[in-house]
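Just so you know, the protein sequences line up as chains A and B, in that order.
First residue of the first sequence: 1, per this note's numbering; consecutive thereafter.
First residue of the second sequence: 1, per this note's numbering; consecutive thereafter.
To be clear, the hints were calculated from the coordinates, so they are not data collected in a lab.
Hints may be right or wrong, so weigh each one.
[As the list claims (entries may be wrong)] Taking lysine-lysine and the PhoX-like style, the derived pairs with C-alpha atoms no more than 20 Å apart in a straight line are: (1) B/K103 x B/K36; (2) A/K116 x A/K47; (3) A/K116 x A/K157; (4) B/K36 x A/K54; (5) A/K88 x B/K103; (6) A/K88 x A/K47.
[What the hints assert, rightly or not] Short derived list, chain B residues pointing at chain A, Cβ under 8 Å: (7) Y13; (8) E111; (9) A113; (10) A114; (11) S115; (12) L116; (13) S118; (14) S119; (15) Q122; (16) E130.
C-beta: ideal position from N, C-alpha, C; glycine also.
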Amino acid sequence: MIEARSVWLRYTPNSGWVLRGASLRLAPGSIVALMGPNGSGKTSMLKVLAGLIKPGRGEVLYNGLNIWDMDDARRLEARRTAVYVAEKPVMVRGTVMDNLLLGLRLRGIDPQLAEKRVEWVVESLGLDSILDMNARSLSAGQAQIVSIARALVLGPKYLLLDEPFPHLDRARRRLLAGLLEELRSEGVAIAIAGHEEAYTLRLSDSIAWIESGIVTMQEPDSVLI
Amino acid sequence: MEDLVGVTARTLYISTTATLLAALWGIPIAYTIAWKRLHTLAAVFEALVGVPTVLIGLLLYLLLSKQGPLGGLNLLYTPTAIIIGEAILVTPLIVGASHRILKVSIDTYGELAASLGSSRIQAMTLALAESLPGLASSTAMAFSRAVGELGVALLVGGNLRGYTRTLSTSIALEVSMGEYGDAIKLGAVLLSLSLGFSIIARLLGDRVDRG
Chain A
1 MIEARSVWLR YTPNSGWVLR GASLRLAPGS IVALMGPNGS GKTSMLKVLA
51 GLIKPGRGEV LYNGLNIWDM DDARRLEARR TAVYVAEKPV MVRGTVMDNL
101 LLGLRLRGID PQLAEKRVEW VVESLGLDSI LDMNARSLSA GQAQIVSIAR
151 ALVLGPKYLL LDEPFPHLDR ARRRLLAGLL EELRSEGVAI AIAGHEEAYT
201 LRLSDSIAWI ESGIVTMQEP DSVLI
Chain B
1 MEDLVGVTAR TLYISTTATL LAALWGIPIA YTIAWKRLHT LAAVFEALVG
51 VPTVLIGLLL YLLLSKQGPL GGLNLLYTPT AIIIGEAILV TPLIVGASHR
101 ILKVSIDTYG ELAASLGSSR IQAMTLALAE SLPGLASSTA MAFSRAVGEL
151 GVALLVGGNL RGYTRTLSTS IALEVSMGEY GDAIKLGAVL LSLSLGFSII
201 ARLLGDRVDR G
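Based on the provided sequences and hints, a complete structural model is requested.
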């Protein structure tokens, strides 16, 4: 389980707080929708959960241990259980396949050892036809799905998706939604930041509403109504 | 007029060496500034881009002259003196341009690498690798500045025929002698070198960038 507990965050000492005592818990086998207006702190909360940003105050717990109290090696090990996928996909130079294998390469894992996982991700998200394409020539939707696939190749326990649906066409949305449901059934904890898209709402077990850096939990039905 | 090929080759040797030296220390400085977000230092280097070349030439002349603190090295009026001067001249240019490129790259690729579970070193390496086309462009821009530089070459090179004469000092000499035709010919070569390198660097950078 990962949990942000009473987290306060600001990006510079003189700026305002982006997160103000915000708390959020991700339990295995669940999907949490993180919703709220633009600039409310959704992305910041996902990055804090992923261990990418150190909050000014509060704790980020991985299985009960604050990752910011850990030494570098243990923090890296903990961080590797969670993968954050940005709203704006970033592709490195090379083909789609090069990008899919980027995380494995960065972790020093031989791609052949993860061959089955890669094949499963490629097949599940229908990427076969674009594997040899230049990753920087992809459409926004294609790049979005490749960046999600790149995260899934790593087999994360916690998947933190920042607005994954808006750029995708209907077929890709359906594929991704099906895959997220499958991952949930396998015990993966998923957070989806977004607005009130039908897919995000339908998939979520609970909704964290964030506004002005404060999180309140709601039942999915209350948002639908 | 001195042999055109000889002057051009000497100019290329001096400018290329000076630019590579400046890149050798300028890019690591730029990387450190970008990684550690040393905004004030970045602003200092940006400001130093505007220092007049003749002033750098004068300072270097005072350092390298017989009475200067580095006079014992006997570097005044040698190609090495011009190389040192031009390297100092283009360092702020390389640091300033590279810093801007690396800053964006560290923000973008550094975060991507971290989000995929990389260590800090791997994130830094990825950010650097993805910046290479831009860094090559900034180095080419510095070369363009170095190749046409006059103040340093004249003051610490001395414009010695067959030894420290470069295209820019040759132009100055030809103009002073009223040989405008030769000056224009030398100017055309200088312009071709400057533009040619920039265009080639840009095209190569674009090609690498597209993957």
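Verification of the supplied hints:
Between B/K103 and B/K36 the CA atoms are separated by roughly 10 Å; this keeps the pair inside 20 Å, and the hint holds. The hinted pair formed by A/K116 and A/K47 fails the criterion: a straight-line CA distance of about 29 Å is larger than 20 Å. With a C-alpha separation of about 18 Å, the suggested pair A/K116 and A/K157 falls inside the 20 Å cut-off, and the hint holds. Between B/K36 and A/K54 the CA atoms are separated by roughly 16 Å; this keeps the pair inside 20 Å, and the hint holds.
Only pairs whose Cα atoms come within 20 Å are accepted, and A/K88 paired with B/K103 is accepted, the gap being roughly 18 Å. As the CA atoms of A/K88 and A/K47 are separated by approximately 14 Å, the hinted pair is consistent with the 20 Å bound. The restraint placing B/Y13 at the interface with chain A is violated, with a minimum CB-CB distance near 32 Å, outside the 8 Å limit. Interface hint status for B/E111: upheld, as the beta-carbon distance to the closest one in chain A is roughly 7 Å, under 8 Å.
A cut of 8 Å between beta carbons decides the hint on B/A113: the least distance to chain A is about 6 Å, and the hint holds. With its C-beta approaching chain A no nearer than about 6 Å, B/A114 sits inside the 8 Å limit, and its interface hint holds. With its C-beta approaching chain A no nearer than about 4 Å, B/S115 sits inside the 8 Å limit, and its interface hint holds. The interface hint given for B/L116 is met, as the beta carbon of that residue sits about 4 Å from the closest beta carbon of chain A, less than 8 Å.
Checking B/S118 against chain A: minimum C-beta separation of about 4 Å stays under 8 Å; hint holds. Against a cut-off of 8 Å between C-beta atoms, the interface hint on B/S119 holds, since the closest Cβ of chain A lies about 6 Å away. This hint holds: B/Q122 has a C-beta 5 Å from the nearest C-beta of chain A, less than the 8 Å allowed. Contact between B/E130 and chain A, as hinted, is supported at the beta carbon level, the nearest pair being about 6 Å apart and thus within 8 Å.
Comparing the model with each earlier hint shows violations of hints 2, 7; every other hint is respected.
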